[in-house]
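**Q** Required output: the full structure, derived from the provided sequences and hints.
Here the sequence shown stands for residues -38 to -1, 1 to 199, numbered as in mature numbering (1 follows the signal peptide of the UniProt record, and there is no 0).
A hint or two may mislead.
What the hints assert, rightly or not - Using C-beta positions, here's what the derived DEER-type ranges look like:
{"id": "1", "residue 1": "52", "residue 2": "131", "range": "39 to 47 Å"}
{"id": "2", "residue 1": "39", "residue 2": "90", "range": "26 to 34 Å"}
{"id": "3", "residue 1": "33", "residue 2": "118", "range": "19 to 27 Å"}
{"id": "4", "residue 1": "107", "residue 2": "5", "range": "20 to 28 Å"}
{"id": "5", "residue 1": "106", "residue 2": "15", "range": "33 to 41 Å"}
{"id": "6", "residue 1": "61", "residue 2": "151", "range": "33 to 41 Å"}
{"id": "7", "residue 1": "126", "residue 2": "52", "range": "15 to 23 Å"}
{"id": "8", "residue 1": "17", "residue 2": "106", "range": "35 to 43 Å"}
{"id": "9", "residue 1": "120", "residue 2": "52", "range": "15 to 23 Å"}
{"id": "10", "residue 1": "69", "residue 2": "151", "range": "20 to 28 Å"}
{"id": "11", "residue 1": "42", "residue 2": "16", "range": "36 to 44 Å"}
{"id": "12", "residue 1": "138", "residue 2": "27", "range": "25 to 33 Å"}
{"id": "13", "residue 1": "16", "residue 2": "132", "range": "34 to 42 Å"}
{"id": "14", "residue 1": "144", "residue 2": "39", "range": "18 to 26 Å"}
Hints in this document: simulated from the structure, not taken from any laboratory.
Beta carbons: idealized from backbone N, C-alpha and C, even for Gly.
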Amino acid sequence: MKALSSAGFVMGSKNSNVWRAVLVIWIMLAFELFEGVAEICQKIDDCSCKKSNGKVINLRQIDGGSTPAFKDIKDVATWKAFVYSWNPCTKFDDGDGCKGVLMCQQATNMASTSYPCAAAASSFKVDSDGTTSIIYEKIAFENHERKFEIILKCDESKYPGEIGQVTEVQEYPVSAYSTTLTSKCACDDACHNPAELVSSTGILSIGSILVIVDGIVFTYGGVKAACSSPQPEIQQR
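**A** Next up, the structure:
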């Protein structure tokens, strides 16, 4: 009996170890599966993306149009004689080097000297904590490559927003730049395209105005035609 009990104990221990191993493997697979379905933000254009949950981050409302929305952005290294200009959506020109860009580096000690840092967003990245970043395509100028990343920090009290100092890291032969935009428009579904904003406030959109105008013209034409048509004569008795 003792031998059988010992054998049963050994078998039970072995089974327990097997189940532990199976549990560990299952947990590892679950983590890998979770990482595989991590949240993404699919690029719509250079300044907006749509998350896997259907929500949208859109910076067009704070775009500066033909001029940069954010100017004179300082470098973390204060000894560097550079400032930066950034426009979220619309490309702009500045100085000799920046033509059709979204991010431009300007030399403060040489008036027209500038270097392009970003001209198009390649993708939007979502970190494990939910923070979204704009990853710009590398851009080459004068035998030197630059790339830029802007971290989008959601803060509903900041509008149009604040942009932090720029950090540069040398990843030879590429200069990697990064900064942070803190803004309401960095939050999910917080900002919309200007046209959508006008419609949502109750002000008539262009399409609605055209429909009304067409209706007025049609009505006016009908009334005018009715008035100008010959009237039947009334015979007097």
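**Q** Which hints from the list above does the structure break, by number from lowest to highest?
**A** Hint check: 1 and 10 fail, others pass.
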